[in-house]
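Enquirer: Chain by chain, the residues run as shown.
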Amino acid sequence: MKVRAGFVSNSSSTSFLILTKGELDRDAFFDLMGVEKCSPAAELFGQLYEDVRRCARTKVDLGKLPKDVPIERWFDDRGGGLSDRMKEKLAEARKKGLIAYFGYLDSETNPVQTFFCTDSFEVESDKVYFNGLDCTW
Amino acid sequence: MSTAVVVPLREPSNHESLVVCLHRVIDRETFLRNAGARADTYASEVFGNLYTNIIVYSLDVKADFDRYFAIEYPTFAEYLRKRLLWDHKVVDAVAGQYKRCARIIFYDRTVSFMDHELGPGLLTKLFMERGRRQ
Chain A
1 MKVRAGFVSN SSSTSFLILT KGELDRDAFF DLMGVEKCSP AAELFGQLYE
51 DVRRCARTKV DLGKLPKDVP IERWFDDRGG GLSDRMKEKL AEARKKGLIA
101 YFGYLDSETN PVQTFFCTDS FEVESDKVYF NGLDCTW
Chain B
1 MSTAVVVPLR EPSNHESLVV CLHRVIDRET FLRNAGARAD TYASEVFGNL
51 YTNIIVYSLD VKADFDRYFA IEYPTFAEYL RKRLLWDHKV VDAVAGQYKR
101 CARIIFYDRT VSFMDHELGP GLLTKLFMER GRRQ
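From first to last, the protein sequence lines are chains A and B. Take 1 as the starting number for the first sequence in my numbering and just add one per residue. Take 1 as the starting number for the second sequence in my numbering and just add one per residue.
Note that these hints are calculated values from the structure, not bench results. You may find that some hints are simply not true.
Unchecked claim - Subject to a maximum C-alpha distance of 25 Å in a straight line, what follows is the list of computed SDA-like cross-link-like pairs (lysine to any residue): (1) B:K125 with A:E43; (2) B:K125 with A:P70; (3) B:K125 with B:T41; (4) A:K59 with A:P70; (5) A:K37 with B:G119.
Whenever a hint applies, use it, and build me the whole structure from the sequences.
Expert: Right under this line is the structure:
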């Protein structure tokens with residue numbers, strides 16, 4: 001048995017799903033979040049935008065998938081990364097031919113990503129849906 | 001002219017806390033407008049919670065001193081140094097704000113995005129009075 005005397009930290013990652021009509025762009029993302037592009041908060045949400053673009057491991061054009069293949073097969077889901085709510089929204093999005101971005105935010109990458117990784121949220125506009133509900137903290 | 005001075009306080013636990021010196025206290029609506037967060041959005045939830053954490057849940061060390069500890073410590077600086085154990089550099093910066101401030105708030109356990117260089121500058125902008133945003 002090993003005994004550690006000292007500070008022990010915990011790190012985590014949480015999955016996210018974004019559904020969009022066409023490519024995800026910065027303007028639509030800021031509109032979804034409800035933040036003005038030239039505001040003090042823009043740096044915070046701009047960092048989140050860059051992080052989700054970089055961390056989206058899987059991008060799927062749902063409109064081009066073969067109809068007879070289960071949707072989960074197209075996602076790198078670590079054996080269960082897609083929640084029931086995500087599967088439900090993916091099924092709806094498939095009918096509309098949307099694009100899906102799926103990935104993980106990590107608590108150790110930068111302070112901004114740490115915040116959103118440890119928060120739980122679901123937001124939707126007429127152009128974009130963002131599921132960040134799967135927070136395990 | 002800014003209405004807020006934000007002083008980082010590095011604690012032994014390696015956790016960043018902030019001392020928020022407010023010359024005047026703005027309301028939540030002004031705070032959200034300064035943030036650029038539209039009503040009823042995720043951004044307004046994030047910054048609304050930030051406002052609550054600072055204004056409602058955090059300790060106002062000026063009021064704490066005035067109400068309870070002025071009889072025990074002859075100066076605000078001694079209260080900060082001996083009761084709260086803040087280092088001299090922080091005490092000098094904060095005690096110098098005492099007369100100008102309506103509230104001096106110890107914002108402990110900040111949200112992580114306040115925990116780096118973005119934090120103090122962002123809070124200073126968010127606590128500006130209406131019409132003073134730069």
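Enquirer: Which of the stated hints cannot be reconciled with the structure, identified by number in ascending sequence?
Expert: 2
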